[in-house]
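Spelled out from the first residue to the last, the chains are:
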Amino acid sequence: MSASVPPEILTRVLRTLAETQKLPLEQVTPESTFEQLGIDSLDGINILFALENEFEINIPDESARQVRDIAQLAEGVYSLIQSKAQVPPETAA
Amino acid sequence: MIRRVAVTGIGAVSALGGTAAEFWEACRQGRSGIGPLEGLPLEGVRIQTGAQALGFDPSKHFDDKQLVPLDRFAQLAIVAAREALAQSGLALRAEEKTRAAIVTGSCYGGKTSEDQGFRSLYFDRSPRVHPMTIPRLMANAGASALTLELGWQGPAWTVSTACSSANHAIGQAFWLVRHGLAEVALAGGSEAPFTYGSLKAWEALRVASPDTCRPFSKGRGGMVLGEGAGMLVLEPLERAQARGAPVLAEIAGFAMGADAHHITQPSAAGAARMMREALAGAGCEAGEIGVVNAHGTGTAINDVVEAAALREVFGAGLDGIRVSATKSLHGHALGASGALEAVSVLLGLRDQSVAPTANFVEADPECPVPLATAFEPFAHRKALSNSFAFGGLNAVLVFSLSE
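These protein sequence lines are chains A and B, in that order.
Our numbering puts the first residue of the first sequence at 1, with every later residue one more than the last.
Our numbering puts the first residue of the second sequence at 1001, with every later residue one more than the last.
Please note that the accuracy of each hint is not assured.
Stated by the list, open to error - List time: in silico DMTMM-like cross-link candidates among lysine to aspartate or glutamate, alpha-carbon distance up to 20 Å: (1) B:1200 <-> A:43; (2) A:22 <-> A:69; (3) B:1200 <-> A:56; (4) B:1200 <-> A:31.
Said to hold, decoys possible - Over 10 Å on every C-beta distance to chain B, these chain A residues come out as not near it, computed from the model: (5) 9; (6) 20; (7) 31; (8) 56; (9) 60; (10) 64; (11) 82.
Derived by calculation from the structure, the hints in this document are not laboratory data.
For every residue, glycine included, the Cβ atom is placed at its ideal position computed from N, Cα and C.
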């Protein structure tokens, strides 16, 4: 998994996170921990839902369980966007 | 007035078969009813398995006219109730029928009918839905249909507390009979949760397993939905003995309460308090319990929290207990689960054995419990059955062989 997430993708991830958590955008940075942002497991699934809608991707449960911080979250999202680009949309999973 | 309450009949329809006897035979064999889902559109659905009551054929139990107002969840309740009543041999005089209670549990009610009706409105642009849509989808449809079939006119209602519904229903019926507010009661739960919309909703919550249900096991991937019904006939022990009825066991105690903690996360403190209160209600010590039918959903968090709560309540004594998590066999039948689990506990007490937990791979140090992983003979006098619902609403029953 590449760590070089394009800045516009990262920005959209942070914005989606802030909107879902009802937080000011400036409070959400790539270095923020889920704990600092008050994100519990239920918030987590709401965020995954919002990201799936924002990027038109499907985030598998297995991948979601691995995510420990915002950097990993953004990397995971970017990787799913890339794999979506490589297969016809109706078979993307 | 405080009376001892006997269970004199049980009925079960589930993925394990159409009767309590078939249910128990599958438990004996450790044969799980979980398999690939059938008869549903599954394209784009992550959930591909479930514990469906595939052998259930409504036409064997109802004529076409009877089926018109009955959703599958109500059909299941009626069939399980008929079995329980036949076993108990209960016959009521006309004046007793006004004191005969029916308490059913259901999380969803007539979800299948609702799904079909609304689908025809939204997608087929149908100008109307079937006029029986409301009678079919109301959560009390099973209870109401049973009052009509039996002519019982006492207290009748339906409890909807997600995964604890049936335990709440059985517990409240137990209290009615115990305190003389009803002479007899029929109690349990039923659920028919398999619709496309419902699968997508569970998928979104990210607690469903991609394959099977492995409670308390390393590598468990979550819960697996099930469908079915379980029903119990409750009556005063004295009445049962006087008429020579078969007494499976007594319900000795019941407790219910709220975690007030989180809408989906369980609480070890809440679960432990509920077990303690149920034991206190039964007037028994933790050390007297031989078998615990765990809530045991097979989700990452439930099993860790429940294991901690069990250790807190039973201490070192837990190691002498058998923990059985039968959702691995009959699936998580939501509002019916507690009733199916009660059937497994009652038959376990009758046969002095314990139903197994299927699909177990390896112990998880995060949730160590003395799990029964194969059907085994096990001498015990008392058993406890846990239900801990989403929303933090908990209900625990204690069953006891009569002295």
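Nearest-CB test (10 Å) between chain B and residue 31 of chain A: holds (26 Å)
Pairwise hint evaluation, residue 31 of chain A against residue 1200 of chain B, where the allowed Cα distance is 20 Å at most: violated (33 Å)
Assertion that residue 9 of chain A lies farther than 10 Å from chain B (Cβ): Given that every Cβ of chain B is farther than 10 Å from that of residue 9 of chain A, nearest at about 23 Å, it holds.
Agreement of residue 22 of chain A and residue 69 of chain A with the hint, judged by alpha carbon distance not exceeding 20 Å: holds (18 Å)
20 Å Cα cutoff - pair residue 1200 of chain B, residue 43 of chain A: holds (18 Å)
Given as non-interface: residue 64 of chain A, which should sit over 10 Å from chain B by C-beta: violated (7 Å)
20 Å Cα cutoff - pair residue 1200 of chain B, residue 56 of chain A: Given pair residue 1200 of chain B, residue 56 of chain A holds - Cα atoms ~16 Å apart, limit 20 Å.
Distance rule for residue 82 of chain A, whose beta carbon must clear each one in chain B by more than 10 Å: holds (21 Å)
10 Å cut-off, C-beta based - residue 60 of chain A kept clear of every residue in chain B: violated (8 Å)
Exclusion check [residue 56 of chain A not at the chain B interface, CB over 10 Å]: holds (13 Å)
Given as non-interface: residue 20 of chain A, partner chain B, CB spacing beyond 10 Å: holds (14 Å)
Checked against the numbered hints given earlier, this structure breaks hints 4, 9 and 10; the rest are met.
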